[in-house]
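K.L.:
Sequences listed follow chains A and B, in order.
Going by our numbering, the residue at position 16 of the first sequence is 16; the numbering climbs one at a time, nothing skipped.
Going by our numbering, the residue at position 187 of the second sequence is 187; the numbering climbs one at a time, nothing skipped.
In case anyone wonders, no lab produced these hints; they're calculated from the structure.
Glycine residues also receive a C-beta, built at the ideal position from the N, C-alpha and C atoms.
Where hints are given, some of them may not hold.
Below 20 Å or equal to it, Euclidean Cα-Cα: the simulated SDA-like pairs (lysine to any residue) are [unchecked claim]:
#1 B:Lys223 <-> A:Thr39
#2 B:Lys223 <-> A:Cys12
#3 A:Lys62 <-> B:Phe204
#4 A:Lys62 <-> B:Thr205
#5 A:Lys62 <-> B:Lys223
#6 A:Lys14 <-> B:Arg214
#7 B:Lys313 <-> A:Lys62
#8 A:Lys14 <-> B:Leu212
#9 B:Lys313 <-> A:Thr10
#10 A:Lys14 <-> B:Asp219
Between beta-carbon pairs, the in silico distance windows are [as the list claims (entries may be wrong)]:
#11 B:Lys7 <-> A:Ile31: 35 to 41 Å
#12 B:Ser316 <-> A:Val60: 15 to 21 Å
#13 A:Lys37 <-> B:Ile341: 27 to 33 Å
#14 B:Tyr187 <-> A:Arg17: 28 to 34 Å
#15 B:Gly87 <-> A:Gln16: 35 to 41 Å
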Amino acid sequence: MATKIQILGTGCAKCQRLYEHAEAAAKAAGIVYELEKVTDITRIMAFDVMLTPALVVNGVVKTAGTVPSVEQILALLKA
Amino acid sequence: MNPLRSKLLHVSALTAWVLLYALLPALADALAFGLFGLGRGTHLGEAVRFFLYDTPKVLMLLMLIVFGVGVLRSFFTPERTRRLLAGRGELTGNALAALLGVATPFCTCSAVPLFIGFVSAGVPLGVTFSFLIASPLINEVALVLLFGLFGWKVALLYAGTGLILAITAGWILGRLRLESWVEPWVYEARSPGGAGGIGTDAGFTWRDRLQLGRDSVRDIVGKVWPYVVLGIAVGAGIHGYVPEGMMASIMGRDAWWAVPVAVVIGVPLYSNAAGIIPVVQALLGKGAALGTALAFMMSVIGLSLPEAVILRKVLSMKLLLTFFGIVASGILLIGWLFNWILT
């Protein structure tokens, strides 16, 4: 099954950087993935996240308010 | 990195910092008057010396404080703050929110999710506003720059009045009972159970906290240093060349209208503390009154057009205007008060 990666954020510079990092990490991990940007605030709130950007993997919030490095995301994807 | 090596590295970095900081005045003297051969007491000599001393001083202070605050902030997540604030009454809630606003990290782009997260978890509206006012207004970069360029009295004055402003404005907004002026969907977007905090404050080790401190130094100091260098260069020029009292007639304490003009110009402007404080230093150096300068600084850092646009998503126009109106009036009063008290 494809790993579902979602980037929550209303579209600031940090969200874009997180998106790029997540994409690089997913490619490096060599997994089948599905990457989605969630910009709609009501959908973001459904994850109960108060800081953006946030990284969600298979429906679970992994980080919020920070831009983790590619290596850190890679570790999260493998865990 | 093993824990012992990491500890040794941090301790030796701190020792090097203290030694270098203590040597800065002598180093600046040696460079300006020794190596460059500039005369003491000349315009150029004093300007160069000021620049060579203040730039590393402010940057070093900034690095140390930003690191410390970065580590400290790993203890204050929005989830914990929200738990502390939920259901608090007036005034104590506002005061606590203002203090936590200083300690809790958030950037303007997180204002909306934060607002909804707080309000939907039962944090009173006025208390939420206190938090939203204090958080951008009083931050470590502003305080370090104020301390480095103006001394601890101005830094304390700014922090103190900023807190009072956040508490009072939030309290008034809470008293007005404007809950119905919040966009209705905010209350419907109730977060599921309000459990919150998934993966954000769970299980930080000291290694993670130190890492967060180093990350914030790289992020924040990496972003603001050009402003700091530029600002101090301008300050150095003023220090050496511009005659005292040049701005006194326009922004001096006798010009009562200067405070409202400063606020009206400052509110729509958006800049971080690092960009605006050197400008304020220039204004003060030319004889502007402290109250006027303080009001300008607060309105630039605390309120901005981009923030208004973002908050419009959750606040009705009426509430947004009331919020900005009350905060701007508070800043106006602070400006006048200081011009009146300080001679």
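K.L.:
Checking each numbered hint in turn, tell me which of them this model violates, lowest number first.
P.N.:
Hints 1, 5, 7, 12, 13 not satisfied by this model.
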